[in-house]
Amino acid sequence: MKYAAPALAALAVAEPAFAQEAAPDAVGGGTAYILNTLLFLIGGFLVMWMAAGFAMLEAGLVRAKNTSTQCLKNIGLYSIAGLMFWVIGYNIAYPGFEGPGLIGMADGGPIYWMQGVGEADVETGYSVASDWFFQMVFCATTASIVSGTLAERIKIVPFFIFVTVLTGIIYPVVVSWEWGGGYLDAAWGFSDFAGSTLVHSTGGWAALIGALILGPRLGRYGADGSVNVFPGTNIPLATLGTFILWLGWFGFNGASQLAMGTVGDVSDVSKIFVNTNMAACAGVVVAIIATQLRYGKADVTMALNGALAGLVAITAEPLAPTVGHAIIIGGIGGILPVIFVPLLDKLKIDDVVGAIPVHLVAGIWGTLIVPWTGDATFMGQLVGVLLTMVWVSVASGIVWFILKATIGLRPSAEVETAGLDIHEIGVEAYPGLANQN
Amino acid sequence: MKYAAPALAALAVAEPAFAQEAAPDAVGGGTAYILNTLLFLIGGFLVMWMAAGFAMLEAGLVRAKNTSTQCLKNIGLYSIAGLMFWVIGYNIAYPGFEGPGLIGMADGGPIYWMQGVGEADVETGYSVASDWFFQMVFCATTASIVSGTLAERIKIVPFFIFVTVLTGIIYPVVVSWEWGGGYLDAAWGFSDFAGSTLVHSTGGWAALIGALILGPRLGRYGADGSVNVFPGTNIPLATLGTFILWLGWFGFNGASQLAMGTVGDVSDVSKIFVNTNMAACAGVVVAIIATQLRYGKADVTMALNGALAGLVAITAEPLAPTVGHAIIIGGIGGILPVIFVPLLDKLKIDDVVGAIPVHLVAGIWGTLIVPWTGDATFMGQLVGVLLTMVWVSVASGIVWFILKATIGLRPSAEVETAGLDIHEIGVEAYPGLANQN
Amino acid sequence: MKYAAPALAALAVAEPAFAQEAAPDAVGGGTAYILNTLLFLIGGFLVMWMAAGFAMLEAGLVRAKNTSTQCLKNIGLYSIAGLMFWVIGYNIAYPGFEGPGLIGMADGGPIYWMQGVGEADVETGYSVASDWFFQMVFCATTASIVSGTLAERIKIVPFFIFVTVLTGIIYPVVVSWEWGGGYLDAAWGFSDFAGSTLVHSTGGWAALIGALILGPRLGRYGADGSVNVFPGTNIPLATLGTFILWLGWFGFNGASQLAMGTVGDVSDVSKIFVNTNMAACAGVVVAIIATQLRYGKADVTMALNGALAGLVAITAEPLAPTVGHAIIIGGIGGILPVIFVPLLDKLKIDDVVGAIPVHLVAGIWGTLIVPWTGDATFMGQLVGVLLTMVWVSVASGIVWFILKATIGLRPSAEVETAGLDIHEIGVEAYPGLANQN
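If you read the protein sequences in the order shown, they are chains B, Z and P. So the first sequence is numbered by our numbering: it starts at 1 and just counts up by one. So the second sequence is numbered by our numbering: it starts at 1001 and just counts up by one. So the third sequence is numbered by our numbering: it starts at 2001 and just counts up by one.
Calculated directly from the structure, the hints in this document are not laboratory data. It is possible that some hints are incorrect.
[Claimed, not checked] Label pairs and their calculated CB-CB ranges:
hint: 1; chain 1: Z; residue 1: D1121; chain 2: B; residue 2: W372; range: 19 to 29 Å
hint: 2; chain 1: Z; residue 1: G1116; chain 2: B; residue 2: G96; range: 27 to 37 Å
hint: 3; chain 1: Z; residue 1: I1398; chain 2: B; residue 2: D375; range: 45 to 55 Å
hint: 4; chain 1: Z; residue 1: Y1295; chain 2: B; residue 2: R294; range: 43 to 53 Å
By construction, the Cβ of each residue, glycine as well, lies at the ideal position given by its N, Cα and C atoms.
Full structure from sequences and hints, please.
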């Protein structure tokens, strides 16, 4: 969503380009190449850092007896995502479609071959390795979302197998439709700047289907309709995770501008920083006020989820809104967990960290509101949401079912009750501290 | 505090400009605009990250029963600061004074309207949104300081109301006097490069007045003059918080150069990085040696506060000192908590995390020592310190008194004894871990 | 290990230059100077952040009763490293050798005098202060490694004295041989891009000799050959530390390109980011699979060490390998802790956090494999490894022995059993949480 910007001297004027498409045209020389690449590198390490944010958020919100498992899952899923996105994912995501298509692959086979030492394809306007790195960390983010919802009751082996398919195939196919220039982009003008749908809803659907197939944690929902709260072990850690994610989101949204080699581009990146920040601020304040009014107490986990939901909501279009728009979009995002966390519990869908309200519901909200400020139609956005829902739900469901039917998804009731850490990992999270659970 | 620097080719020579004034003149083209903006963005996300640092530092130094509350306060105050600095703060801070004034507001009313998509005012030399973001995170820092001192005994609603006034009015007025080009800058040549007084002392005075009005935690000081130590629950978390703050300070001080579009500017940013780092190193070593000599043990919380005090001390002038100067300035900063933490206890002023010695006392020290190396007079610096003291103390005092007289500041003794987490937040910080307090 | 890269317009072609030598020649103007300096600053703050990573990793892997001590050691060693690298270290590391030499010092005496405000030596192509900062944080990393191995049984005063010598003399001498252009570089064409040997093995040898002289923790090894596992207190904290180190490694390896002022340089930095990331990913996956197969459980601490060992392994040559190479190099790195952690226990060498397998063994592996992809000979690499071994072992051994013979290294058995926190630091790490150990 860029517009021509005032440019000086030898710097070329930026052509409008869709965010996260493979080749922004805004290059006017070696300096622009360097600056565009630098944006990917900085954005890339910030989004990589989000892996730590998810790890801390989830480690803080599970019970002590499952914390080591959650830590392992998070560092493992990031690593699998990295490998799979190289082995096959990137070339599915960016297939070089000729006209609308639903699945394809770049020429040269599944593996993405980067350029050699010192080689630089100056026509792309940035280092292809920097772009690959930036795209890879988005892929990992998608997997992180699943990890949170399904915590405390899934064995690590089937979880890692699911992550392998999700990051190698399911997510890249969704990306190909939009950022890869495929069906949603070509036929519907679907708009998803940094991934409210492509990243967050994809993770959210995979998590939701997983939660339905896996079932809730033992003892979570009583036969009489009662809900047992299993409080997280370490709220400061969850708070840290949220701050890490917030920080990483500047890279997530800001670097999705894909260029900062012109005055207009870097000004847009700045605007994205502000809007991203303000949507999160609004999400926090709304969640605090809502829980204070509803429960008489300001629930800290809702404040954290409010920040994240605000961030997810602004992700589909962080550039076009004014600050006022961003505050409204993020603020409405912040109310969604307050509404949907109890609602999921009524439906007996056990989402340990609230990832479905935050990433799926707020992701849909953010995607559908794009036409308010950006260049998209409501129908196009709705088609994008629905197509993603169908594909991710069906594909995830098949994988989950195969895993359930073969190696099984859940540990025995004894293992789940004792905690996965001892049986699955062999390392307790807080020896010398934990005195219960 | 910049001087003309050797510049090459088409890059213009930097004109001397006061740090954090609105418009450095050092632009020589689009590349300089991009680089200046990038400095604000990198500096901005580093200082934003300091919000996490304060949260972890404070969460680590309070008792388990008040930890969730402290987490909520920190993410809440950052969010309020963001909103208020947009609604009114920035336009008070940078009012475009004509001649010396004490309070004003930029044309166009309280709300700061950023530029539209793709718009870039190249005459400023940087994206106005990037500058706003960088200034906003400083505003949040000020509020973080108050949160630490008043922990464990203030209700969240009056706390958040105070933060609203502090970030919307009290802090921006102080900023307007100096970085906004107002009274202190115009009439006294006051010099405060990155905010030893404007940020840290402002937070410190607000915290001190709050502590006086709020009173100490229950049981903290015995009637017989004894001091009960309430040890913090999580020292590694406090250590993490200190490292986060240290990291963020490279953005806090380094990006306060406000430009890196010339060879001279980026060299000065580099020098600031080194001086900032070395002042903190010296603060740590001095605090370790001092506590080892005085108590026979090297107190880790003093080492952490030594780092922070060294950082606060160098903040008023991180560029002009040589490395040797920086070590002395930071090293003396590091001794201040060792002296003032026990002194405050003697005065029965209950400062939970030691924020007053670190931010207020070291901030005054750093401000008054500027004339040793930088371009300022002792009298001008003293006037700046005193004027900030009077304004922040009186304004804060009025707000605190109104809150005390209306909705009240403190929870009941029962709530305070049981811990604020259960009654104010409804979420315990370490369920399954905490076995006392 | 750089090669000439395609460059555009007025940007000069990069001359081949050894990584981390003092003066890359690839400057074509003020913009290149700014960008090169910016690379050092970003790389510098990322590597500085690794100090927090080591602190968290070690704090998470020691027992509760020694955690405050570990926090103090980590912030203290970083601070000492900063001071010593300025007082003497840098000028030993970069002595300006004329021909091969084994020890020397730059003209002008031990202290490194940076340039004044606004001064910039444009012929170097970057700000000398930014280079110094970047080199300093590497020095601190070396000391962090020692801290982990020797945890829980060394008094803080002798530890800090050792760090003073290590960072002031032992490490800088090793650096002078290679990055300083000395013996290993001139006579053997030794190649160590970012420090598998210079940083990680140096720390590892110092740690190993320390562990041998210090002996194991009380009760760690039974007289009957049994090994008592002392589990770490806080696995999420150790996980956080690993993620921090991984993040910091992008600066560690990426900015060791030493320049991004040309299209070729920034493309190489991007490639280094990818290779660094993928080596770590492979290390994690290999460690998970290996422990799952060997023990039937996927050991989370091994996964963390697998990431770090993969990172250490790729550090000697992160640019020349293809992604496939990087995965193999990192993957083999990841298996090393799985093999060597139990092996060290058989030898009754007590390495609390597994730093010797991770930093020393993987560092040797990474150094010796350089000829596979990079420009080096196996013999040259072997000489580099052996010379480093001899120098660091002998020099460290002498310092450790002197300390042992004078002020003593270990606390009394009573103090060690009670935990160092109470007696050495006076501040417990988790009051209100810890209920045993």
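Tested hints:
1. Restraint check, D1121(Z) to W372(B): a C-beta distance of roughly 26 Å satisfies the suggested window 19 to 29 Å.
2. The hinted range of 27 to 37 Å is satisfied by G1116(Z) and G96(B), whose Cβ atoms lie roughly 34 Å apart.
3. The hint said 45 to 55 Å for the Cβ distance between I1398(Z) and D375(B), and at roughly 49 Å that hint holds.
4. Roughly 49 Å separates the CB atoms of Y1295(Z) and R294(B), a value that falls within the hinted 43 to 53 Å.
Of the numbered hints stated above, none is contradicted by the structure.
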